[in-house]
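Listed in order, the protein sequences are those of chains H and S. Under this note's numbering, the first residue of the first sequence is numbered 1193, with each subsequent residue one higher. Under this note's numbering, the first residue of the second sequence is numbered 129, with each subsequent residue one higher.
In case anyone wonders, no lab produced these hints; they're calculated from the structure. This structure is a prediction, so every number in the text was calculated from the model and none was measured. Positions of the beta carbon are idealized from the N, C-alpha and C atoms, including for glycine. Do not take every clue at face value.
Unchecked claim - Computed spacing ranges between beta-carbons, pair by pair: (1) H:ARG1337 <-> S:PRO289: 51 to 57 Å; (2) H:LYS1276 <-> S:ASN242: 49 to 55 Å; (3) H:LYS1339 <-> S:ASN242: 36 to 42 Å; (4) S:GLY245 <-> H:LEU1219: 43 to 49 Å; (5) S:ASP214 <-> H:ILE1429: 47 to 53 Å; (6) H:GLU1263 <-> S:ASP237: 22 to 28 Å.
As the list claims (entries may be wrong) - No more than 27 Å apart at the CA atoms, straight line, and that leaves these computed lysine-lysine pairs for BS3-like: (7) S:LYS358 <-> S:LYS198; (8) S:LYS202 <-> H:LYS1198; (9) H:LYS1445 <-> S:LYS202.
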Amino acid sequence: MKKIIKYVIIDILRNKIVLAYTAFLLLISISIFNLEDNSAKGLLSLLNIILIIVPLVSLLFPAIYVYNSSEFLELLVSQPLKRKTIWLSLFWGLAVSMSCAFFVGAGIPILLFQATATGFMMLGAGLILSVIFVALAMLAAVIARDKAKGIGVVILLWLYFSVIFDGLILFILFQFADYPLEKMMVAATAFNPIDLSRILILLKMDVAALMGYTGAIFKDFFGTQMGLIISFLVLVIWMIIPTWLSLRKFKHKDL
Amino acid sequence: MIIASNVSKKFGKLKVLDNITVNCTKGECIALIGPNGCGKTTFIKSILGMVVCDSGFITFNGKNIKHDWKYREKIGYMPQIGRYPDNMTIGQVLNMMKDIRGKKNFILDEELINKFGLDEMLGKRMRTLSGGTRQKVSAALAFLFNPDVLILDEPTAGLDPVASEILKEKINTEKNKGKLILITSHILSELDDLVTQVIYMQEGKLWFHKSISDLKEDTGEEKLSRAIAKVMTQ
């Protein structure tokens, strides 16, 4: 397994897109921290950019990479290797490279400028989000045989998680404004890892006070030790389930 | 050595393999012959586990291949169209395969690498290679680990006459060592002096599996190409 992960990572590094992504993140985070005189404010601006860019790149790049390495997969499958080993190595190779890119690009500036609990929370959320979206991208790539279709699905997934989901929530909130929906909203965040990470980070910041009554409910839940553990578990489930589904699919795929 | 029983495979509605039952024993050189799209490559891929068959099973040395993967150590496979990671050089691909299989477990057979002159272009990227050179890499990889079974899918297609002759010679020496060789080709004249058995497939069905002498006797022809032509027009 280690050997194949090594080859996957070498290949990804040779591809240079991940290096460009790292440089881009580094550029954004350093310039944002330098623009704001208060680095806590900088962290807030960075949060919004990262929650858009990290899922997008972690979805698109792995999906395209899986399609482009179909030859490599074919070659490996005809060798004395378990399919499980091949697929998980590909997953780990991609997950490690995307997380490293995030760590170097955004993690190091965060640690330099804002090494607080909020900063660490953001670093952790970024790393977990990278892995979650790599898993989702691989699931999409193994289900759709056609490359254009697979990439289309991945873009739709990104739209769903970063735009459509919030729209739906707003729609529900307005339609059922007369009912007490606060508790339900807490549960609804479990269906979107981006929102979940956003709330976790925002609640660590002072701006949480501006979120009104819903904010108070959120604070009641996510502010506690139990809430933190549950949300972390939910994020882990978001990593495991897509990986498990894609692995199951790959085991029976005809190459 | 390889036994397939009632293997069936569908791609959507198309039945590619229809109840194939074959028994391949050691020391034979078997030609898989049939028109385009008759399921030869799919059959080969199901032996390798690249295609998972819908029903029936395949055993290798008495073990079902379904949940096994180690048996592939004993198979050298040369695909019809060799596809390799574009960014890697020939040397890197060769080293990667050695690394994956574990160098210590095998006595490497680098004869083809030398004879094809691949050792002089180890630094070339796979992307820049011609179809023929790619075939040479595939062939070299198939023979590299001294496998007990060689599965060659259209081995000489795209090779120049010199390389093709080298490959055929190599197949012959391996056959004489008592290995099982499965070979598909449309150029029947070159199979003539190579194969000992013939499997003929059509539309996913196995038509016959005979030794070459039986086939020649049954059809009354001396040449394999004529014998097969007679069968096909019957």
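Comparing the hints with the structure gives:
{"no.": "1", "hint": "H:ARG1337 <-> S:PRO289: 51 to 57 Å", "result": "38 Å, violated"}
{"no.": "2", "hint": "H:LYS1276 <-> S:ASN242: 49 to 55 Å", "result": "36 Å, violated"}
{"no.": "3", "hint": "H:LYS1339 <-> S:ASN242: 36 to 42 Å", "result": "38 Å, holds"}
{"no.": "4", "hint": "S:GLY245 <-> H:LEU1219: 43 to 49 Å", "result": "47 Å, holds"}
{"no.": "5", "hint": "S:ASP214 <-> H:ILE1429: 47 to 53 Å", "result": "36 Å, violated"}
{"no.": "6", "hint": "H:GLU1263 <-> S:ASP237: 22 to 28 Å", "result": "24 Å, holds"}
{"no.": "7", "hint": "S:LYS358 <-> S:LYS198", "result": "41 Å, violated"}
{"no.": "8", "hint": "S:LYS202 <-> H:LYS1198", "result": "25 Å, holds"}
{"no.": "9", "hint": "H:LYS1445 <-> S:LYS202", "result": "23 Å, holds"}
The structure shown violates the earlier hints numbered 1, 2, 5, 7.
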